[in-house]
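Engineer: Residues per chain are reported as follows:
Protein chains: 2
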Amino acid sequence: MAAEKAFDRSALEQLITKRFFYAPSFQIYGGVAGFYDYGPSGCALMTNIINVWRNHFVLEEEMLELDTTIMTIHDVLKTSGHVDKFADWMCKDLKNGEIFRADHVVEAVLEARLQGDLEARAAKDGKAVDPAAVDPAKAAKDAKKKKKKGTVVAIELPEATRKLYEETLAQIDNYNGQELAEIMQKFDIRSPETGNELSVPQEFNLMFESQIGPTGQLKGYLRPETAQGQFLNFKKLLEFNNEKMPFASAQVGRSFRNEISPRSGLLRVREFTMAEIEHFVDPENKDHPSFNDVKDVVITLLPKDVQLSGKTETTEMSIGDAVAKKIIDNQTLGYFIARIYLFLTKIGIKRERLRFRQHMDNEMAHYATDCWDAEIHTSYGWIECVGCADRSAYDLTVHSRRTKEKLVVREQLAEPRTVEQWQVEINKKTFGPKFKKSAKAVEEALLTYTDECYAKLAKDLETTGTSEVEVDGQKFEVSKDDVSVKRGAVTEYVREYTPNVIEPSFGIGRILYSLLEHSWWVREGDEARNVLSFPAVVAPFKCCLLPLSGNAAFEPFVKKFSRQLRQNGISTRTDDSKTSIGRRYARNDELGIPYAITIDFQTVEDGTVTLRERDSTEQIRDSFENILAKLKETDTL
Amino acid sequence: MAAEKAFDRSALEQLITKRFFYAPSFQIYGGVAGFYDYGPSGCALMTNIINVWRNHFVLEEEMLELDTTIMTIHDVLKTSGHVDKFADWMCKDLKNGEIFRADHVVEAVLEARLQGDLEARAAKDGKAVDPAAVDPAKAAKDAKKKKKKGTVVAIELPEATRKLYEETLAQIDNYNGQELAEIMQKFDIRSPETGNELSVPQEFNLMFESQIGPTGQLKGYLRPETAQGQFLNFKKLLEFNNEKMPFASAQVGRSFRNEISPRSGLLRVREFTMAEIEHFVDPENKDHPSFNDVKDVVITLLPKDVQLSGKTETTEMSIGDAVAKKIIDNQTLGYFIARIYLFLTKIGIKRERLRFRQHMDNEMAHYATDCWDAEIHTSYGWIECVGCADRSAYDLTVHSRRTKEKLVVREQLAEPRTVEQWQVEINKKTFGPKFKKSAKAVEEALLTYTDECYAKLAKDLETTGTSEVEVDGQKFEVSKDDVSVKRGAVTEYVREYTPNVIEPSFGIGRILYSLLEHSWWVREGDEARNVLSFPAVVAPFKCCLLPLSGNAAFEPFVKKFSRQLRQNGISTRTDDSKTSIGRRYARNDELGIPYAITIDFQTVEDGTVTLRERDSTEQIRDSFENILAKLKETDTL
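If you read the sequences in order, they're chains B and H.
With our numbering applied, the first sequence corresponds to residues 137 to 773, in that order.
With our numbering applied, the second sequence corresponds to residues 137 to 773, in that order.
Pulled out of the complex, with its shape left as it was, chain B reads as follows:
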């Protein structure tokens, strides 16, 4: 991308600060990485993005919106897997105490050595090296992570070492703590800047922890996603929906991740606003009733098999074709990908800088079976802004198992049907005496086996006469006297199933930042001037009201027009500061306000005003009433 090279990020960042879209939190106290406050322009932009989101998804599709608590009790997140798995590995500079993410530091050091190797070999040939020329994808990834670079020393590496480093880097996201520790020892990885030794990687859970109530004994976490609150309410939601399937719940709210080293502005922060949809669907039928409405939407896809073959070529394809060709697994997933595309382009994301990348099997979250990310291209590279994952029945299943609360759909069958299934019989006579106070738990474990477990149980009993049952880590041996299991026909009148969940999950801050990049340009002319070309529907303010000067004659017009604009739902910012009209136009271009209405002496005489359009700077003069009618037409774009 040629455009990317010319992109002056620091100029945009200055604009963001100057017009207070956002700024580091607690800045007068020195600030803390990973926390940002949104100012009036950023907050209005975010509110408008959320409103479009709510209209586009929640209202348009009659989703059931929830507002659940941020503080979440330990047991919920233990069950969901976050207490155990939502962690990164960190290690410490043993001398100065600096803390690194273990995978980041390995990556930084190995990449620095590979770079040194490149430079050493280039020096032999008498050439300099531009890293972006060598591997633009990696250069972009580095920029995206903005990580601490290892010190590059031009030393040539043996061929075998180079290859080892490259293989390690290719899999860097897949190592656990033990493996990272081994790699660090094998390659003598040290702190990139100081060269000091590093501690063995330790697990660091990314959830903020706290205590609920005065006893100090009830542990809580700030939610890392809004999804769990939706799963916990599944039963109430299904009832609210009159037991009809499929349906979706939705939630907009704050989530938290205690990142080890936050970076890249809004892209990796510790507190952020998400918007998440949980679409509950019959696992046996993932068709979507409105799929026809979106089947002709053409999107840019990067499927996993392309990536596995080491390429990044994207394909343009209609959603209908992608689902028909099984590139996208099912209609519901395809439907949401199309709807996400329509949402993002509606708020101003450029279609040519938007792609849908499928996750490879090894990079998916612990609960997902398939996942497509909407990635938006920015100066940091391609950024995941929306994840669209199939979480299968994972969450409902684990919460149901833990709480004994049935989280299922019961569907009255039109005709009874006969199904083959495992049938278990417990011998109550032997069970009680044998397992005593554990009898109930062992029985329950046996009754809630998966099909695979039943198959194993049947085989065990047939071959050895006994089988092992695990309950909360404790093992019990059952014999064929205690339990019998066989597969046979059962007549069902009601079908009971745990729904699967398709989850589009939006990082609002990332989308907002990407939109700032996509909307920004500099007006050429005698003076270089910033413009943010937001679509009117998300612009922080729709209209700017400018009295030509501080003359008192303008005041009643400002008051009257401003009221009329607001009453017609056109959010307005009055700029009556004592600056020239040209400078005020420039200021409002920087705020991305699409229209400016100027009140001058002619207004006082005949009630006409001028309307200036932001992007073209074209001006027309007409009565205020006509201008207002014009704005109302264009307002919702």
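Don't take each hint at face value.
Same chains, same label: a pair holds when it works inside one copy or across any pair of copies.
Only pairs whose alpha carbons sit at most 27 Å apart, straight line, appear in this in silico DSSO-like list of lysine-lysine [as the list claims (entries may be wrong)]:
1) Lys221 - Lys355
2) Lys768 - Lys482
3) Lys540 - Lys570
4) Lys695 - Lys422
5) Lys371 - Lys714
Just so you know, the hints here were simulated from the structure itself, not pulled from any lab data.
With chain B's structure known, arrange chain H on it following the hints.
Structural biologist: Relative to chain B, chain H alone:
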């Protein structure tokens, strides 16, 4: 209030649960006190209340809305006073470990003894006692706090003891931990239910604490109010407002209080949504530019002098009169009280159950100089739902002092003016050698004295020749050789001042609950049916779309009408469940949906539909287009 007696709160609570306005969080895990999730109806109701709030306050008055972080670093809340003062006193049942708020337990026990005294004396006269008949205000207060009652034993008390108890109860909100401990010992206060001994009261800070980042050394708290984030951004806000005063910032968001014993449903919770305005104003001129627009608004007032005389009679008065008579201190405070009144009545709070009560001097928060609460009457008594406090220059002053960042307004004076003020001169020669590395800190302390401190310094130096300066708890002695101070005339060209802050602060959950109570009634007839008569502007859904039956002929009409309604901004819920139309009307009355459109066989023939109005149940038949036009007119009420 006769109406209050008949109020069947448990019936309303059933309705709230059944229609999923809200429910305890983590309910399938057993729940935890003080946390609630809002379901689809409650969430939509809350979103609509917030939208009205935003239109009424932020857009109407061009306030600068912010969105700052919930996680707040320790230093900020240490400075604001929350780390030291935002606490309650708790004590523990020494046998069973149960934890109480110390003031609550003293109150419960003493009130039980007084009640026992009443009963004993009534028994002597052969009468039974109704507590509400004795002191209705106290009975309502008890109900509001829903506190653990002490066991009432009918024992007559000596006159002096009774008097002592009553005096103690009258001041119960004013005792510190030491005083509570003394009272508990003096009156032998024990656990109300078990009679066990209680521990000495310990301070319990009500903020949820956490650690930021991997080092475990950076302490953070979940904000107890959204205000601090606004104060920290004051400088940026003033700049964004082109340095113009007065102006207001605003924020809607989640706040947290780790209550010792949450109670009364949404009224005392641990996580809640607030909406706060910080109006920054010149302390020398608290007039408000739009005061004239509201001066004729008549409100119900309960000023502090009335309360101090032991009464609760309210006064009806126009805001203009209240400010003219100095009952309300200034125009800005009066302006906001009127605007709060207009907001609350717009969303459906009954004017006759809304009053503004002035805080007495001893009940104000540590930062406030004057405060009026909008109190809404509910079955729990009068509930504080909006606080409107004058926080003076407290917050900006303390943050500025702590960070050395100037948080002031600089106003160019039309004409230079001469003012009397304290002038300090530091003798650099003696200062450095005498105070060494503390010299700078001591100098700074002297230069930032208040007027009172300068007066004392001058007097000290004049009388004894020395004076004490305190810096971070350490004391230094300065002599008249080190520093000279005198009061004299100075010519100023710019006036520099720290603005005062008027803060209207809204508890959205409390308002929402009160609105549920005010909106609920039961339709008389053959079957008692619940109705929630929300104004259309906040109703969770504006319109309900009901196909007469599951007949396929209705489907295209449902789809078409639903789209048209949404496109016209009328949020719609389709209810195509297989229940009779009558039952569906009843269901939608319980959701408070003001309009229902029914599609029947005549619709298929001629495109007409019936429109039913919720409160009157009146129905009209007309073309869908005409009905739509009618709804659009009434939509924003």
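Engineer: Identify every previously stated hint that the structure contradicts and give their numbers, smallest first.
Structural biologist: As far as the earlier hints go, not one is violated by this structure.
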